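Student: Please put together the full structure from these sequences, using the hints given.
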Amino acid sequence: MIKISHHHQTPSLPKLNPMLISTLQLSSFLCLLLSTTITAAAVDDNSPWLPYTPTDYILLDCGSSSNTTDASLRSWDGDVRSQFSPSNIENTSSNATSSKSVIQVPYKTSRIFHSQFTYSFPVSAGPKFIRLYFYPVNYSELDITNSFFSLTSNDYTLLNNFSAFLTVSAMKPAVASLIKEFIVNVRDNQILNITFCPSPNSYAFVNGIEVVSMPENLYIRGNDHPIPLVSENQRFYIDNNSALETLYRLNVGGNEVSITNDTGMFRLWSPDDDYTYEDYGFTPHRDVAIRYRQETPPYTAPKIIYTTTRTMGNDSLRYNLTWRFPVDTGFYYLLRLHFCEIQLEVTLENQRVFIIYINNQTAERRADVIYWSGGTGIPVFKDYVIMVTDPDGRRSKQDLWLAMYPDLHFRPEYADAILNGLEIFKLSETAGVKKHNNKTSSFPAIIGSVAGGGSILVLIFGFWIFRRRRRVKDLGSKKPKSWIPLSSGLSLSSDLCRRFSLEEMKSATCNFDDSFVIGAGGFGNVYKGHIDNGATTVAIKRLNPSSNQGVHEFQTEIEMLSKLRHLHVVSLIGYCHDNCEMIIVYDYMVHEILRDHLYKSNKPCLPWKQRLQICIGAVKGLHYLHTSANRTIIHHDVKSTNILLDEKWVAKISDFGLSKLGP
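Mind the numbering: the sequence shown is residues -41 to -1, 1 to 622 in mature numbering (1 follows the signal peptide of the UniProt record, and there is no 0), read in order.
Certain hints may be false.
Stated by the list, open to error - Straight-line distance between alpha carbons at most 25 Å, and here's what the computed BS3-like set of lysine-lysine pairs gives:
(1) 579 - 568
(2) 356 - 607
(3) 341 - 562
(4) 568 - 385
(5) 619 - 131
(6) 598 - 619
(7) 385 - 131
Stated by the list, open to error - Computed Cβ-Cβ distance ranges for the label pairs, DEER-style:
(8) 148 - 461: 58 to 64 Å
(9) 308 - 219: 34 to 40 Å
(10) 530 - 219: 55 to 61 Å
(11) 244 - 200: 38 to 44 Å
(12) 114 - 354: 20 to 26 Å
These aren't lab readings, by the way, just hints derived from the structure by calculation. In this text the structure is predicted, and so the values were computed from the model without any measurement. Note that beta-carbon positions come from the ideal geometry of N, C-alpha and C, so glycine has one too.
Tutor: In structure tokens form, the structure reads like this:
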């Protein structure tokens, strides 16, 4: 990793398209990223803490009548005549087939349920891991493809109409067995019940159940530990009424860490290679003595997690450190990022500073591991919560993106980013998962995306669209909307364009709060807003009253768009022309501007087929303007910043301020 010199002028930028530079003013943000070999600092380990010893540790081999030992030499109790099983337990079945990739215990036998069935575990109060083991094959002439069931634990629904067979079939790389891990809290004097309920005309099964206690406040940290809610100026709290499902637990840049090499809770840490976007990154390993602290005790993660890492290496000019993870839409997710600075040269604050993006939104503007931890070899973790929206209500799969990029705005000594470990959890839909707004307004405060140098570029006549859609309370006037001509005499069709009052616009943007700004240009700002009592999310372009730019464009754009209706042309919702204010209201485009997906390194690379579909869509939009509208319209400003992408990646031609009518 090459040291950055701040005693000379900034090195010249790589040769770029001139239109790209002038459009997005890249020169004020991009710097040369340099890298070199990482070395490590040896630090004495004076930590007085010991790894965790669980107070509750139960291994139940379902379907077995005897005690067994697994490949890790852990002893499992059979559930036949077990104190945890009801007296009427029955329907044990051995595997119909065997696989060399599947260990014998606990997958050799299974417990099958044709009706509701409950295991009861008398455990101490506090948070517990529940791990369920599934080997989905045919049992006792039962078709495994017909196995669907729900799973509850006390007040939590952990699985709903779940199929282990379909889940395993969809996993990449392919696997034969499956472990589902959950975190639940057990109250004082409460029994931990785990209930299987088969779906109609189906059956449930399980091969093994594991219950392990964990330290208080390890994951469910309560109201004393607010968590940043990405993309909103809010804090998120996870309390004892919440349940979590573990989706990913990764040793970033390293090999698998087995359950016996964990810190006492038998967590499996997998390599991150299957989740990196492209095969980029440098993965050094250093035998560094790790110095745990009270804020990050030894049970947080094994030492090996903090002595391996993934950095940007020698290719930091070309990419971000990026990972992607398939998740279900419509849920909140907790991401825990583990860091430890192990490089000999990095011992002071502001020597390595980077930005953390989650789903293309800034989660951490200034990540400095030394600043967080206090020194080399001292581990630290950071938690973030993000909502993965479900725009069509279908609860489909979507990639959750994590990316990191050096931030030279603070003039660090090295251009690089690092990550040592990562855990991702899906949060339960319970009232216990609370959000706390830092602002007095009940309107959600959306973090402005055009902020600071180095990461998110100024958008000219474009929209920076956030993914999250929410219903919010309308703070403004309730008087009916008017549908009248512009004061300039330009008559707008009453069924095509709506006129908003200034009060409605103020209400939609919380009085044009800067936190709602999602774009900017010579005309002024673009805001994300909510109209119709919060039911509709829109993009609101407001002309700067002190600027002469855009007055003609304002009228031209309304006149043009009010007469256009096409799949590939952005839709005008309405305008406001009160008290010398000139405001245009558009449809809200979820996937923002095309230019960002072509050139910004923190964006996922568009597949060539999708690029072609976007190009065809844009051409269809232009063809409509040239041939199919009432009069020929010449756009005069076609570029990637003026092509927007909706939630289905459909291209939309936008920004008609320079358009003219043809013959």
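Student: Taking the hints in turn, state whether each one holds.
Tutor: Checked hints:
1. 579 - 568: Holds, at roughly 17 Å.
2. 356 - 607: holds, 14 Å
3. 341 - 562: Judged against 25 Å, a Cα distance of about 23 Å means the pair holds.
4. 568 - 385: violated, 31 Å
5. 619 - 131: violated, 52 Å
6. 598 - 619: holds, 16 Å
7. 385 - 131: holds, 19 Å
8. 148 - 461: 58 to 64 Å: holds, 59 Å
9. 308 - 219: 34 to 40 Å: Holds, since residue 308 and residue 219 (Cβ atoms, about 37 Å apart) stay within the stated range.
10. 530 - 219: 55 to 61 Å: Holds: the Cβ-Cβ distance is about 59 Å, inside 55 to 61 Å.
11. 244 - 200: 38 to 44 Å: holds, 40 Å
12. 114 - 354: 20 to 26 Å: holds, 22 Å
Of the hints listed earlier, those the structure fails to meet are numbers 4 and 5, in rising order.
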